[in-house]
Amino acid sequence: MFPELNSILNATPDSFKSSDFILVSDRRADASFLIHHHLSFYLRAGCKVCFLGLVQSFSHYSAVGQRLGVSLAQAREKGQLVFLEGLKNSIGVVLQEDTSQETQPLSYLRTPGAGLEGLFRFVDRCVRQRGDGDAGESWGPPVLLIDDLSVLLSLGVSVGAILDFTLYCQATVCSELQGNMVILVRCEEDADDDEEGSNLLQRGLVHQCNLALHVEGLPTGYCRDIHGQMSVWWRQGGETIYNQRKIFHFKLHDKGASFFARGTSSAVL
Amino acid sequence: MAAPVRGMAGSTSIGNTTSFQKKTRSKLVSIPGTRPSVQNGQLLVSSGVSSLDYVIGGGLAVGTLLLVEEDRYDSYSRMLLKYFLAEGVVCGHELFLASARDHPDDIMQELPSPIVDDVAGMKISEGQSQPSDPENPDTMKIAWRYQNQPKVQTALASSVRFGHYYDVSKTMEPELRQAAKCHSFYQLQEMPVATGSSPLPSPYHALLKSIQTVIRKEGFDGSTPQSKVRNVLRLGLHSLGSVLWGDDVCCKDNPAHCHALTTFLYILRGMLRTSLSVAMVTVPSHLIQNRAVMGRIIRLSDTAVALESFKGSEKETNPLYKDYHGLLHVRQLPRLNCLSCEVPDTKDLAFKLKRKQFTIERLHLPPDLSETVSRVSKTDLAAGCGSTATGNKHLDF
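Taken in order, these protein sequences are the chains called Z and F. Numbering-wise (numbering that gives the first Met the number 0), the first sequence opens with residue 0 and increments by one. Numbering-wise (numbering that gives the first Met the number 0), the second sequence opens with residue 0 and increments by one.
Check the hints yourself; a few may be wrong.
As a list, the in silico DSSO-like pairs of lysine-lysine whose alpha-carbon atoms are at most 27 Å apart [stated by the list, open to error]: (1) Lys-250(Z) <-> Lys-355(F); (2) Lys-87(Z) <-> Lys-208(F); (3) Lys-169(F) <-> Lys-208(F); (4) Lys-254(Z) <-> Lys-321(F); (5) Lys-351(F) <-> Lys-310(F); (6) Lys-245(Z) <-> Lys-77(Z); (7) Lys-169(F) <-> Lys-87(Z); (8) Lys-77(Z) <-> Lys-87(Z); (9) Lys-169(F) <-> Lys-216(F); (10) Lys-180(F) <-> Lys-208(F); (11) Lys-16(Z) <-> Lys-245(Z); (12) Lys-169(F) <-> Lys-310(F).
No wet-lab data here; the hints were simulated from the structure. What you are looking at is a predicted structure, and each value in this text was computed from that prediction instead of being measured.
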């Protein structure tokens, strides 16, 4: 959890907006640090988190989470965190050894054209399961985190199927259960001839979301001390309709990230 | 004080050799040829080229994938693959080599020979016992005070250095090469297997099956009992995506199997993350027309570098580049188990293959020593301001 980002987004683990769909995207940069932020944020807030980890192993998030002060292993044991190990389970699915019920969420690997229904059923089951633990411990509103959605394009799933999946998830998680959703999408360079691609996916998701965080490199070139720029775009949400955009520069450290207004980096001042 | 070390597969517990137990979750893993990263405790292996290790942040992390975008004639990327495999032989790692064009045995025979003396002595004397010195040859006449000091070990039980240098003009000794365990996969000799409803075409599917078999059988995924000494598996996959692998991503604008290579890399990533192995894949990216596919391939790997050689292009005769053989672009560096990654100093890197070293350095422009360079004379400067200067008028203070 990055305190500066919390103040930028006006959110704390004790009070944050619910029914929020946050889209994290990047172009030629790596925005996964924002996923780590949101993961630790929602775990601290006591929400039930359903994490679809499609590109990294659990130990990676666990190691970063430890630096940020949350213990993912403990959260998983208590039932607060449900982690879908995409990488590990996909081996069995593709090499056709494992056709059991547990691999239903990854059925898109076997038949990419069929869509993501199996994955949605998994998410649905997971977010509806609340407080079935010991001593009636019930968690807060459910949160769905996906890292990252654009890898499904590499596996052959169509953009339409992915957008359908996110629409279903938004209807269930955000509208029905008043929970939040954070999705990471990684885009290519500006390729106008790219019809079926991540740019189309990103545009479609920006249209659906409430808050869009876009990370890219500095437009002026490479700099050692400023790792990139992040633009925050508040879209329509609730009563107030704002359509406000702000741009910040950031620098990643070992245990966090610092955000500052453009031109106020310590390297420059 | 040793830092706790984790491979990408999560903490693996190995029997400690010391009685000192630190209260940490992960136990020390000591595998020859590896060292922990200074940044985040990740277990690193050398790629065979010391300057490449430096550029990618100390070495290749175990459990990750290095993608090398081939240069136009596949000369330097093939060289990097050979360095990678040679480093595996010298460190005692197991090798897996897959290739579709040249037979893996041919590639193995071309491995460069390591330079350091103690390495050559290491393997050959492994079988022999240390000869106990008779008293005569080594009694010191001058430095007799040091007679009773312990002898410096020149023949090591295993090579403990990280990163070695190789002599490209000589090939590796057959004894040294055969001491390493090498599994190979030659696509043209494999039987096409009916893959049923797999999303992958047959060659990639067979290759993944073969890799999985090796990992399971040799126990790289932790399935064997503790008594076996841990080792690292180095996978070298040559020219993936080329036509000989049954993939048309390199020859068509809209390939029929446009997701084959990316699905393969995804599954390979899963296998690497769950075992003590490291892979180097070379891809002929200059043949892939679709930039979006190339972007996806890069994102599915952990470290990605691209080689651009000057051979055959107009840059070969450009005086700016006369000291180098090509440019090296670092496309991506991994962020493993931590938020930040190694941020390179500079992105203008050039490489040069010398006989004993593959150097990668910052691109320097050579000094401009042409004959037409004229020195600006003092008179011209002085005539700048004020009155019309005639001839040599110096401003002397």
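Status of the hints after comparison with the structure:
Note on Lys-250(Z) and Lys-355(F): the hinted pairing is violated, with a Cα-Cα distance of about 39 Å set against a maximum of 27 Å. Proposed proximity of Lys-87(Z) and Lys-208(F) is supported: the alpha carbons are some 15 Å apart, at most 27 Å. Distance check on the hinted pair: Lys-169(F) and Lys-208(F) sit about 35 Å apart at the alpha-carbon level, beyond 27 Å; violated. A threshold of 27 Å between alpha carbons decides the hint, and for Lys-254(Z) with Lys-321(F) the separation of about 44 Å lies outside it, so the pair is violated.
This hinted pair checks out: Lys-351(F) and Lys-310(F) have alpha carbons roughly 12 Å apart, not beyond 27 Å. A hinted pair counts as satisfied when its Cα atoms are at most 27 Å apart, and Lys-245(Z) with Lys-77(Z) does not qualify at roughly 38 Å. Distance hint between Lys-169(F) and Lys-87(Z) is unfulfilled; the C-alpha atoms sit about 42 Å from each other, more than 27 Å. At roughly 22 Å between alpha-carbon atoms, Lys-77(Z) and Lys-87(Z) fall within 27 Å of each other, so this suggested pair holds.
For the suggested pair Lys-169(F) and Lys-216(F), the alpha carbons sit about 34 Å apart, so the restraint of at most 27 Å is broken. Of the supplied pair hints, the one linking Lys-180(F) and Lys-208(F) holds, its CA atoms being roughly 19 Å apart against a limit of 27 Å. Taking the CA atoms of Lys-16(Z) and Lys-245(Z), the gap is near 19 Å; set against the 27 Å cutoff, the hint holds. A distance of roughly 23 Å separates the Cα atoms of Lys-169(F) and Lys-310(F); the hinted pair therefore holds under the 27 Å criterion.
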